[in-house]
Amino acid sequence: AQSVTQLDSQVPVFEEAPVELRCNYSSSVSVYLFWYVQYPNQGLQLLLKYLSGSTLVESINGFEAEFNKSQTSFHLRKPSVHISDTAEYFCAVSDLAQGAQKLVFGQGTRLTINP
Amino acid sequence: EAGVAQSPRYKIIEKRQSVAFWCNPISGHATLYWYQQILGQGPKLLIQFQNNGVVDDSQLPKDRFSAERLKGVDSTLKIQPAKLEDSAVYLCASSPGLGRELFFGEGSRLTVL
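Line by line, the protein sequences are chains A and B.
Under the numbering used here, the first residue of the first sequence carries the number 10, and numbering increases by one thereafter.
Under the numbering used here, the first residue of the second sequence carries the number 4, and numbering increases by one thereafter.
For the record, the hints were derived by calculation from the structure and aren't laboratory data.
Hints may contain errors.
Stated by the list, open to error - Example chain A residues on the side facing chain B (calculated, C-beta under 7 Å, incomplete):
| hint | residue |
| --- | --- |
| 1 | Leu-53 |
| 2 | Leu-55 |
| 3 | Phe-99 |
| 4 | Lys-111 |
| 5 | Phe-114 |
| 6 | Gly-115 |
| 7 | Gln-116 |
| 8 | Gly-117 |
Quick reminder that beta carbons are idealized off the backbone N, C-alpha and C, glycines included.
Put together the whole structure using the sequences plus the hints.
Structure follows, in structure tokens:
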């Protein structure tokens with residue numbers, strides 16, 4: 010069965026510092042990959058996704074993630090964070106071999122931005 | 004465009020009582036999901052509908068949980084009887100199709116005492 014591992018449960022960083030949230034998945038076949046963000050007391054929102062094509066995908070608020078098939082990773086990065094980026098971030102994978110029917114989530118990484 | 008609507012937002016019940024959650028997906032979205040998110044964990048899929056048919060309910064505890072999606076639109080998730088370990092946020096999501104982005108509601112937080 011598919012699984013997603015987010016290696017850090019909490020990541021504290023200072024404002025304007027760079028950040029990387031790590032994500033590894035277990036599937037060795039073709040996958041769709043997603044990062045979702047959950048702000049306090051809100052539902053999950055899609056941050057960015059990889060379906061095909063360029064392995065580097067970007068969001069509108071400065072985050073980017075790179076699909077690395079050999080390392081089965083999809084790490085999320087931002088060169089300079091803001092207080093407003095404080096949230097929980099979830100990596101998710103959908104297995105194309107199963108018709109992309111099921112989205113499996115990681116445990117989440119809580120990003121805390123300190124002024 | 005209206006998002007995914009869920010109710011109630013919060014519910015507190017005692018163990019062995021029953022509870023029901025309602026979800027109205029985004030108009031036109033054929034695929035509907037119920038996820039359970041226990042504090043400190045990622046969302047876990049309970050059941051997935053395609054229109055009004057069940058695609059995956061392999062992780063639904065069928066002895067106490069049930070869900071339906073009559074007419075392929077709204078859905079209800081019921082727990083009867085509830086256990087302490089059912090305390091969680093129940094998230095409903097909808098999608099225009101398989102492999103597409105999921106749109107989540109704000110969730111229904113259940114506390115079982």
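Run through the hints listed earlier and report the numbers of any the structure violates, in increasing order. none
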